[in-house]
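*Asks:* If you want the building blocks of each chain, they are given just below.
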Amino acid sequence: QITLKESGPTLVKPTQTLTLTCTFSGFSVSTNGVGVAWIRQPPGKALEWLAQFYWNDNRHYSPSLESRLTITKDTSKNQVVLTMTNMDPVDTGTYYCAQRLGKGGTGAFDPWGQGSLVTVSS
Amino acid sequence: DIQMTQSPSSVSASVGDTVTITCRASQNIHNWLAWYQQKPGKTPRLLIYTTSSLQSGVPSRFSGTGSGTDFTLTISSLQPEDFATYFCQQANSFPWTFGQGTKVEIK
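Chains as they are written, first to last, in this note's numbering: chain A, 41 to 162; chain B, 8 to 114.
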């Protein structure tokens with residue numbers, strides 16, 4: 041069974057750096073075809089794809105946020121970490137990590153973590 | 008970026024009704040389209056991927072069609088547990104993008 045779980049601070053101050061960790065089980069991020077993404081959702085709003093990491097160390101970022109985002113992996117800990125710099129109140133929302141379904145050829149996310157609510161406020 | 012536009016933004020329906028939600032892409036995404044269901048306070052649930060492939064465990068009353076730029080999600084014989092918000096998502100090119108959501112409400 042594949043599970044993912046996000047962890048990190050619930051409250052950050054404006055201009056601070058957010059670090060979120062996705063800890064997963066049931067797969068390895070080094071296995072051919074595996075991808076893990078970060079997706080966020082402001083309260084009451086739509087989902088927004090942020091970044092994606094692949095087994096071959098390829099990374100993709102949202103162009104509008106690319107200068108602030110870094111996605112990395114720790115294979116030994118079964119973790120994918122997202123760092124977002126210069127946090128602003130508009131970054132408040134629930135941050136999800138999710139596995140790309142299958143090992144290519146689906147373009148969808150399943151399963152998802154439970155989400156981590158992050159509030160940006162002074 | 009590819010823009011995904013859903014319509015309607017909300018729809019009121021009764022149990023047993025058939026509901027159709029449309030998702031339009033700003034450019035050709037071939038069949039790289041997925042649909043998710045989200046209930047308040049819950050994680051999105053994958054329903055359909057590559058336009059029409061039903062994810063394991065999803066009831067057959069959910070179906071997807073389309074290609075290119077125009078796609079639909081149809082819920083046949085709406086059940087009480089189907090009242091939720093639905094999102095489409097394209098995976099043709101990065102950045103992958105989501106629609107703004109369609110809320111299916113009880114009439």
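Since the hints were derived computationally from the structure, they do not count as laboratory data.
Just so you know, these numbers come straight off a predicted model, no measurement behind them.
Here a beta-carbon is modelled for each residue, glycine too, at the ideal position from N, C-alpha and C.
A hint or two may mislead.
[Stated by the list, open to error] One side of the interface only, derived from the structure: several residues of chain B facing chain A at Cβ under 8 Å:
| # | residue |
| --- | --- |
| 1 | ASP8 |
| 2 | THR57 |
| 3 | ALA98 |
| 4 | THR104 |
| 5 | PHE105 |
| 6 | GLN107 |
| 7 | GLY108 |
*Asks:* With reference to the structure, classify each hint as holding or not holding.
*Replies:* Each hint, compared with the structure:
1. ASP8: 7 Å, holds
2. THR57: With a closest approach of 6 Å, the THR57(B) hint holds.
3. ALA98: Given a least distance of 3 Å, the restraint on ALA98(B) holds.
4. THR104: For THR104(B), the interface hint holds, since the closest Cβ of chain A sits about 6 Å away, which is under 8 Å.
5. PHE105: 4 Å, holds
6. GLN107: With Cβ-Cβ at 5 Å, under 8 Å, it holds.
7. GLY108: 5 Å, holds
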